[in-house]
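Residue numbers (our numbering), protein chains in the order written: chain A, 1 to 227; chain B, 1 to 751.
Note that these hints are calculated values from the structure, not bench results.
Where hints are given, some of them may not hold.
[Said to hold, decoys possible] DEER-style ranges, computed between Cβ atoms:
(1) B:Val-741 with A:Ser-16: 13 to 23 Å
(2) A:Ser-76 with B:Leu-716: 50 to 60 Å
(3) A:Asp-80 with B:Arg-311: 28 to 38 Å
(4) A:Asp-82 with B:Asp-211: 37 to 47 Å
(5) A:Ser-16 with B:Gln-280: 31 to 41 Å
(6) B:Glu-744 with A:Asp-80: 14 to 24 Å
(7) B:Glu-744 with A:Gly-124: 53 to 63 Å
[Unchecked claim] Quick look at which bits of chain B chain A covers, simulated, 3 or more residues with Cβ under 8 Å:
(8) 372 to 385
(9) 512 to 522
Built from N, CA and C at the ideal position, the CB exists for glycine as well.
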Amino acid sequence: MADPVLVVERLSKRFSSGGQPVTVLTDLSFNLAKGESLAVVGRSGSGKSTLLNLLCGLQVPDKGNITVTGESFSESVNSDSDARWTELRRRSIGVVFQQANLMPALSLEDNVRLRSHLAGHAAGHERGWLERLGIGAEADRYPDQVSGGQAQRAALAMVFAMAPAVILADEPTGSLDRNTADEVADCLFAMQRDSGCALVLATHDRELASRCDHLLDLSALHLGGTD
Amino acid sequence: MMLVRAFVSHYRRHPFQLAALALMIVLATMLWTGVTVLTDQARNSLFQSEEAVAAGVHVVRTDGRPVRVEDFAELRMAGLCVAPWLEVRRPPPAGRVIGIDPLAMGCFGKAAPGGNRGELDGAPFLDISAAVRLAREGYDSRLYLLASTENETLPQGYALREFSLGPSTGELADSFLLNLDALSLLVLLITGLLVRSVHRLGIAQRQDSFDLLFRFGVPGRRVRQLLALELVVLTGVCVLPGLWLGTQLAAILGGGFGQALNSLFDVNLYAGAAESLPWQAAAVMVLLVLAVCLVDWLVPRRWQRAVSSARGRLLAVLVLFAGLAGVALAPDLAGVFAGTAVVFVAAGWLTPGLLALSAQKLSDGTDLDGSGPLTRWRRRELAVMFGHLALPVVALQFAMATVLAVQALVTTFESTFDDWLAQRLEAEFYVEVPAGADAGLAAERLQNLEGIGPWHRVTRGEAVISDEGAAGEDKTAVVDLFALTPVSELVVDWTLLASMERPWQRLAQGAVMVNEQLARRHQLELGDTLEFRVADTEMGANIVAVYADYGRPAGEILVSGSALPEDFSARFESFSVNPGEWAMAEISEQLADVWNVSDVTVRDNASIHALASQVFGQTFLLTRAISLLTLVLAAVALLIMSWVFFSTRAWYFRLLGIWGLPAGAIHHQLRRLSVTLTLAVTITAIPLGIWLTWVLVSRINPLAFGWSLPMDLYPLFWLELGLIAVVTGLVVAYLMRWQLVQRENGKQVKS
Ligand SMILES: Nc1ncnc2c1ncn2[C@@H]1O[C@H](COP(=O)(O)OP(=O)(O)OP(=O)(O)O)[C@@H](O)[C@H]1O
Ligand SMILES: [Mg+2]
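In isolation and in its complexed conformation, chain B is listed as follows:
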């Protein structure tokens, strides 16, 4: 009881210490929960619906047109077991929903998806009638016809396809989830470091009172038990608000996240059932906090000392190289992630010691003329700080490196994507061909317009290529087909990652180009002959170029429209037009006339660009937000830690004042000390950040998304980060100064 009272009274005297630890736990839980909730949501979206479907196949029309209600009727009349599956897209945060017909599902002999969980509650499954109502409200919708897996004989004009909700993204979605998991692991790592550092410092501050208790005859084991209990209670209390904040964070970021999934993978974030608080995340957090705070009592002293010994350092260097080699050579994503984790651990192991050593070396080399002795003193203090603030320093380094890498990745992607989009949007206007209208007639009309600028007709559809890697008996894969008629001068500026001579002329003569994703996935090289099937026609052509195609995983073949077979039916058609001497209004009137419609949809370059940029902005919102939040958290932790640490150091700054150094000069020393600290951390973060950027663009991106990005560095952003470091340093200095003044006004000189 006396012990408990001693504990409580400590915190009554130092409420700030308790608040700091509590704050750290709350914020850590918030970040971690936020990421976990989003990751789970993505995982569920990817798997839940697919799992729910007993049938793994659906029926498509061999002419490539979407299936309609008439097809359903036809198939049912032919005695087939098919069930409708109507997907309605609503914008986030409402999410997509799926309309099903429980009666029709019955023919699979299994309960309807969602049905076994009770009501069709709209998350994501609802009755098809309700879905149709939504579709009629104007939301985008798409109908699938699910079939049972048995090899049934289909009527003429239909084929079975594997049913998955997105296009065949292969392992890409898994990889994306792995990416998210990696991000959450990083968050866990950094927050673990932070919680530990704040807790350690609190313990160090209380060491005197523990010693006293020990002298009073309280066994050390008893004190430790109570400390553990205290931590359990505190964690238990703080995890709850953290959880709640985390779900709020996830809700805020959810919209952007849905967009990201959509534009990166064509995977949809379905309306998730409002689940209860993510207790699993909470449990992980509690375990993490307990583990990082209590590890000292579990790991033998000898090991702990070994970590910071010279031999420990050598080992860390070896570990570092092993990690670097692992990342460079690993054949799969999991290997790359493991290697990255190893590199981070080794870097965190080495950095504080290295920084302290350089500060020490620097102070040894200080020129003792001028203000030399004072400078030497400040550098020594810096070395001491690196030693004592090792954990928050490492956390800040990690957070900065992550922000740097994410920023570089996003910026590179943004500019590359922008260039790419600009090439794709070479024409000034785009005209969508209305459903059922004849694009051929329109092309003839455009051809006859004297003085029109360059234009071409874009036809999109599907092609089938053989795929030895495919699962199941069907060794084929469906890829996008992209046809241009004619191969106009609008496309000749495209970024080609690899090409033979005069690629566009060759394309016009019947050769093909493939996008990077397709080339990587099927190891296609220039000059290879690509065999593919369009509708019922087998085709084969030389690959003359590989072009960059960012932001989606699907493979694509680019052909000249003249090469398309007769029986090909387009999924989507449009015209890209530079009006030349004509006004666009006149051209669209002409087209309206050809198609016999009252109005045609014409979009201009600028509006498409704006739309794309908007989607893009959302795409990396999550990664950006999480990494920035982590940085903020690390900075806050550094503030807290320097504050507490400085309380043990304040006397020596006071001593300088007693020795006649004016207050202004002391504050100047404080500022230089803390700004050097944060800037030094930034400097160690930059190489780690650059390396992480390389890992992202050159290792993770190709493995996870199928396309790679150029490796660009953004020194301006380093400067920005440096500026943040300077500001953090100044705030630290200000806090220290405030503490110094408080002490001077309060307690008098030590005697």
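Pulled out of the complex, with its shape left as it was, chain A reads as follows:
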């Protein structure tokens, strides 16, 4: 595969819940190239969020390797790997959640500004990003003054403003109605194509998943199946 942005090798993760070990991921491997998108599906509790957390270093695998834009991480944690993950999240990995992606005390514009500031970009293009997502008129509003769909668009604006190599989106349309969800998804895919970044999208929504280049079904994995 040309230019792999994301390489996952034999990744395993388990939790202990009430003393009982719960295996969530076993020996998972896949690659994702620049500009490609991967849909992660599976029933609730199958480990979609867990996988995304592993991919941005918010959780640590029990086994396996993850390589993001050439930076490799194994199951061993130390302050160096911590710092490298932090730096990656800051500049190269954009994360979008189902909700609460915005700082409630800041206007949409200030939110975008803060995010791109952290990614090391100079201020000045915030409004442009909001306009590209169709919410330029709401730039001065606060998160509690806009609709759920507008808030998610703002979240996308924030992520694209940082010009990431990978976007990890965990049910980004999960709390929206069908029409709004489709509009937000349209924005997401259009801008992903334009920017050429890789996208990992965890979703329950089969229709949304079908718009991605690849599909990873975690429930099937559990049943012993493979992609």
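Fit chain B with the ligands to the supplied structure of chain A, relying on the hints for placement.
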């Protein structure tokens, strides 16, 4: 039943919330009970004994000497109804007791004081024989002879005086009690705010589950009823340990408090009967807790919103100015206190909004270069915090302002008192003239000592001035008389609040000086002629100076000893001596020789100073302790509140981490946020504290104590308070950080 289970299960999951509210109620009750018990004790000491005495008068000797058993015998032989009243001073906490003779009391036709309450149990009344025994053990004692009120003809050499246990302190003692009441009101105000804030936050945390119950069809009224019941039960349970702790606190502070009463007013804290727990205080506390927690359901929504509206703010500003004007202009203490309360309410009303507004303005103006966007975010978070933590912020502001003012007052008093004492203790040694010894002979001897340093003879006694304001027919007041022979160079450095030219020379030539208390009470001015009676001689002299005389209420006239009439008899005499070329031992030998005693009591400057400082330290122990405890309570409340509040905010700090801000940097933001919060509160507390200091020294003190203090500011103490604020802020930050780490390790990212 389902509801009850829902309530219980909530607390099982959030025991900390319950514990916080319980802790607040316990501590609030403790502080409040402590203050109330002490105030009641003082009130009782002031009134109980006086009330118990049917006779409002006692017999004194016109020569000014204390009455003795022989006088009692003489008066009884003259057929008068008099009864002995022997006061024995024991050091705290034993307290003073009063020995009476029930038989002699019988001649008033009324039951003996204490007698109607059953036994003479020593609190404070006991049989005179037991009191005499105590007096013989070496405790200080003083005998009074009570008389019935009828105008009886007294034998030659005796006079009737109004009987009150202290000197005629006028309204001063009332004022002092009012001061204490004000302090307890302040405690009540602050603790009320704190209890309310913790309770509100708990309710806010549970709002989701209430909404759920509502959706399940449980009427809101039912939920509220249960919440009220829950609060009643919790308060009932928590008030008890609070009460007990409060009485313990009162016991600890009681000693110092007794000293304070003693040195400020010459009022004695009598041994109080061990009363049962102060239930009244408990009832007030329960009512307060219920009122502050449930007020939202009683006051219409519309009003609540109006309070924080722009028009509400304007009203608050008006109220503030009204309060300020009230304090400045009020003619009496009650007015000053009411005005102060109004100012506090208005300040508390305005402060959180102002702080939030300034944080907002500051963040709007943030320079967006450099780390600007992050700074802007932090300032916005700060504005949010001021809004959500309004109550504990105000409580902390009040507590800090109080501590600041009390501290400034005490420090000013301390240094002023110290200067004053240093002036009074100008001489190196003091020699008490033993009872019955002739001070005149000693003076002659000292005069003949070649090479002795400056010295003078101090004579203390009483003078009577006319007092139009006095109650009853006797339009006179007894004041202290203080005579110096000669007017030596030891006194010329005294702080004179007002004086004519060459005051000391004029004093030596027969003019008088008066202390500030006397001047204020009788509106005496420089140049006025003061008419007064010493023994049986009417005197009149020009007032040439008013001098500062701190720490006691009694009025005093300073005269030159040469002006004293022949028939004057001193209550107390001493010499202030700088030995010069002599050794003090030689001088005291000379005096022992003159007086024909084996030993004379000589005290040096240092030991008197130490003694005075010790008494002083005790004097403000109570106020200091209460205000500091309130501060601690407010700080603890802020900790609790920020902790609970942060649980609703933690996600956004986590978000910063997801956006790639290193953990260290996030913790740095946390620290800056919380330290800015506490420092900002300190900054708003300082003007309020300064104003309160002014109220204390320039308004309350003169009205309550009769003397005023200079208004001094202590910026160093502000720094100290700032340091406390920084430490509190750091602890808050640490708690938040701990919570953040806990969350990261426990629940994973929200999705
Ligand atoms: N911190 C944790 N401790 C214990 N178990 C955990 C933890 N985090 C996740 N799990 C468990 O791991 C499994 C996978 O959880 P995850 O949140 O990844 O599922 P998901 O596929 O995202 O589900 P959903 O579609 O509901 O969001 C679940 O069974 C969950 O209970
Ligand atoms: Mg999930």
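Do the hints match the structure? See the list:
1. B:Val-741 with A:Ser-16: 13 to 23 Å: Since Val-741 of chain B and Ser-16 of chain A have Cβ atoms about 20 Å apart, the given range 13 to 23 Å holds.
2. A:Ser-76 with B:Leu-716: 50 to 60 Å: Given about 53 Å between the Cβ atoms, the range holds.
3. A:Asp-80 with B:Arg-311: 28 to 38 Å: 59 Å, violated
4. A:Asp-82 with B:Asp-211: 37 to 47 Å: 40 Å, holds
5. A:Ser-16 with B:Gln-280: 31 to 41 Å: Since the Cβ atoms of Ser-16 of chain A and Gln-280 of chain B sit about 57 Å apart, the hinted range of 31 to 41 Å is violated.
6. B:Glu-744 with A:Asp-80: 14 to 24 Å: Given a distance of about 19 Å, which is inside 14 to 24 Å, the answer is holds.
7. B:Glu-744 with A:Gly-124: 53 to 63 Å: 34 Å, violated
8. 372 to 385: As far as the segment 372 to 385 of chain B goes, the hint holds, because 9 residues have Cβ atoms under 8 Å from chain A.
9. 512 to 522: violated (count 0)
In terms of the numbered hints stated before, the structure departs from hints 3, 5, 7, 9, listed from lowest to highest.
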